[in-house]
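Engineer: Chain by chain, the residues run as shown.
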Amino acid sequence: MEKYYDIDDIITEEETVSVIFQKAASGVGIDPSSETDFVEVGSKVEVPFWLAHELQLRQAISVNVPTCFNQKTRLEIQADSACVDLRSRCPYFYEFGCKIASTVGDRTIGFLLLSAFKSRYKEVLTKAHTAALTATSRFSMILTKEETSLYEAAQSSMAAFKKWRMGGPRFQRASVLGRKRKSTD
Amino acid sequence: MYGRKACQLVKELASGEKGQLTLFNIDLIDQVIAECSQHHLELQSLIRKMQEQGLDVQTSRNADHYGALIHHLALVRNKRCLMAYVHNRAEVIQSLIWKVGPILPQQIEERLSHSEEEYFKKHSSALKSYMSRLELDLTVDMVPPKDPYIQVRVIDDIGEGIVLSDDKTANFAPHSMHFLKRTDAEQFISRGLMEELTG
Numbered sequence: 001m002e003k004y005y006d007i008d009d010i011i012t013e014e015e016t017v018s019v020i021f022q023k024a025a026s027g028v029g030i031d032p033s034s035e036t037d038f039v040e041v042g043s044k045v046e047v048p049f050w051l052a053h054e055l056q057l058r059q060a061i062s063v064n065v066p067t068c069f070n071q072k073t074r075l076e077i078q079a080d081s082a083c084v085d086l087r088s089r090c091p092y093f094y095e096f097g098c099k100i101a102s103t104v105g106d107r108t109i110g111f112l113l114l115s116a117f118k119s120r121y122k123e124v125l126t127k128a129h130t131a132a133l134t135a136t137s138r139f140s141m142i143l144t145k146e147e148t149s150l151y152e153a154a155q156s157s158m159a160a161f162k163k164w165r166m167g168g169p170r171f172q173r174a175s176v177l178g179r180k181r182k183s184t185d
Numbered sequence: 001m002y003g004r005k006a007c008q009l010v011k012e013l014a015s016g017e018k019g020q021l022t023l024f025n026i027d028l029i030d031q032v033i034a035e036c037s038q039h040h041l042e043l044q045s046l047i048r049k050m051q052e053q054g055l056d057v058q059t060s061r062n063a064d065h066y067g068a069l070i071h072h073l074a075l076v077r078n079k080r081c082l083m084a085y086v087h088n089r090a091e092v093i094q095s096l097i098w099k100v101g102p103i104l105p106q107q108i109e110e111r112l113s114h115s116e117e118e119y120f121k122k123h124s125s126a127l128k129s130y131m132s133r134l135e136l137d138l139t140v141d142m143v144p145p146k147d148p149y150i151q152v153r154v155i156d157d158i159g160e161g162i163v164l165s166d167d168k169t170a171n172f173a174p175h176s177m178h179f180l181k182r183t184d185a186e187q188f189i190s191r192g193l194m195e196e197l198t199g
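Taken in order, these protein sequences are the chains called H and Y.
When we follow the UniProt record's numbering, the leftmost residue of the first sequence carries the number 1, and every step to the right adds one.
When we follow the UniProt record's numbering, the leftmost residue of the second sequence carries the number 1, and every step to the right adds one.
No lab work stands behind these hints: they were computed from the structure.
In this text, all values refer to a predicted model and were calculated from it rather than measured experimentally.
It is possible that some hints are incorrect.
[Stated by the list, open to error] Per the computed footprint, the stretches of chain Y lying under chain H, defined by three or more beta-carbons under 8 Å from a beta-carbon of chain H, are:
| # | stretch |
| --- | --- |
| 1 | 36-47 |
| 2 | 118-132 |
[Said to hold, decoys possible] Cross-link-like lysine to any residue pairs, in silico, SDA-like; alpha carbons within 20 Å at most:
| # | chain 1 | residue 1 | chain 2 | residue 2 |
| --- | --- | --- | --- | --- |
| 3 | H | Lys145 | Y | Lys79 |
| 4 | H | Lys3 | Y | Asn62 |
| 5 | Y | Lys11 | H | Met141 |
| 6 | H | Lys3 | Y | Ile47 |
| 7 | Y | Lys79 | H | Glu15 |
| 8 | H | Lys145 | Y | Asn62 |
| 9 | H | Lys44 | Y | Asn62 |
| 10 | H | Lys23 | Y | Lys11 |
| 11 | H | Lys23 | Y | Ile47 |
| 12 | H | Lys145 | Y | Asp147 |
All C-beta atoms in this analysis are idealised placements derived from N, C-alpha and C, irrespective of residue type, glycine included.
Please build the complete structure, drawing on both the sequences and the hints.
Structural biologist: Below is the structure:
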């Protein structure tokens, strides 16, 4: 409940999972393959996580492990975790992993997340402090949202440290006004 | 899919830069609310159907029950997205007074909805009355300055005849440089009209 207004949490829960209905449901148009507004028992439907989670609690459906946690991804992470494009698989890989692990009851997901994060975190930190801005754009394309915010935090703390050491203007234009400055001429 | 539009609304918040306001998307909000009304109607008709069949709505678990449940969950989800949209914008609006002062620049003002403007006005007047009771200006810089005066350059058109705190008027022509009291210059810098010169 503490995350009720949290934007990232809301977007994480929009991630779709494929589920199998154990109970029929009438009057809902969530199954694109059926022509009527009726979901049969045993039909396989893609639904967003927020719906799947609640229905799972009421034992109306069973949830399959999403493709971003399948065997292929696991093998890739084991091989070279720093180079795997996690963003295109799932932009909130870790948050979603934590949520889905308890829903599908797969204990190995936790270990997968931990090992992936540990090895990628090191890479994120070193790149944030050393790499030039141009070289990082390709690297930041494969980071998940959580990793991107860590990456930005590392960069901004480095910038703040440099500013503190060199000195600089104390006051600045408020950031809400946006970066672009309209030309006044 | 249910709740897709509401999530689009929230994604709009996330896609902008942090702490930036986008245009208040009243169209999409209306669409989400229309979707909610639709869910509500379908939910009611399912419940009515169950009652007509003589079933106990509280305990029976048939197809109609699960259909109604899905509509209910979609309603709750849409509500959460709408609330988050308004709530997160309100937090940015609250922070505006600390960052740009009580007068909103036009580029921000045109992105607010009417009730958001009202909220900003009320919030800033509440803050103002609190500060006048304390006899302390809380919006000034938190770090004690080394020098009460700073050198600034005007980078945008401010207008003539601005009365400063020592009852003198100054002519801030663009690109002119001034030696001002920090407290006077602060609000102009944060609004992007002046910049501080160092060294």
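Engineer: Next, verify each hint and record whether it holds.
Structural biologist: Evaluation of the provided hints:
1. 36-47: Satisfied; 3 residues make the cut.
2. 118-132: With 0 residues in contact (Cβ-Cβ under 8 Å with chain H), the coverage given for the stretch 118-132 of chain Y is violated.
3. Lys145/H <-> Lys79/Y: Distance of about 24 Å is beyond 20 Å: violated.
4. Lys3/H <-> Asn62/Y: violated (33 Å)
5. Lys11/Y <-> Met141/H: holds (18 Å)
6. Lys3/H <-> Ile47/Y: Cα-Cα ~31 Å, so violated.
7. Lys79/Y <-> Glu15/H: holds (18 Å)
8. Lys145/H <-> Asn62/Y: violated (40 Å)
9. Lys44/H <-> Asn62/Y: holds (19 Å)
10. Lys23/H <-> Lys11/Y: The hint is violated at about 32 Å.
11. Lys23/H <-> Ile47/Y: holds (17 Å)
12. Lys145/H <-> Asp147/Y: Answer violated: Lys145/H to Asp147/Y is near 42 Å, above 20 Å.
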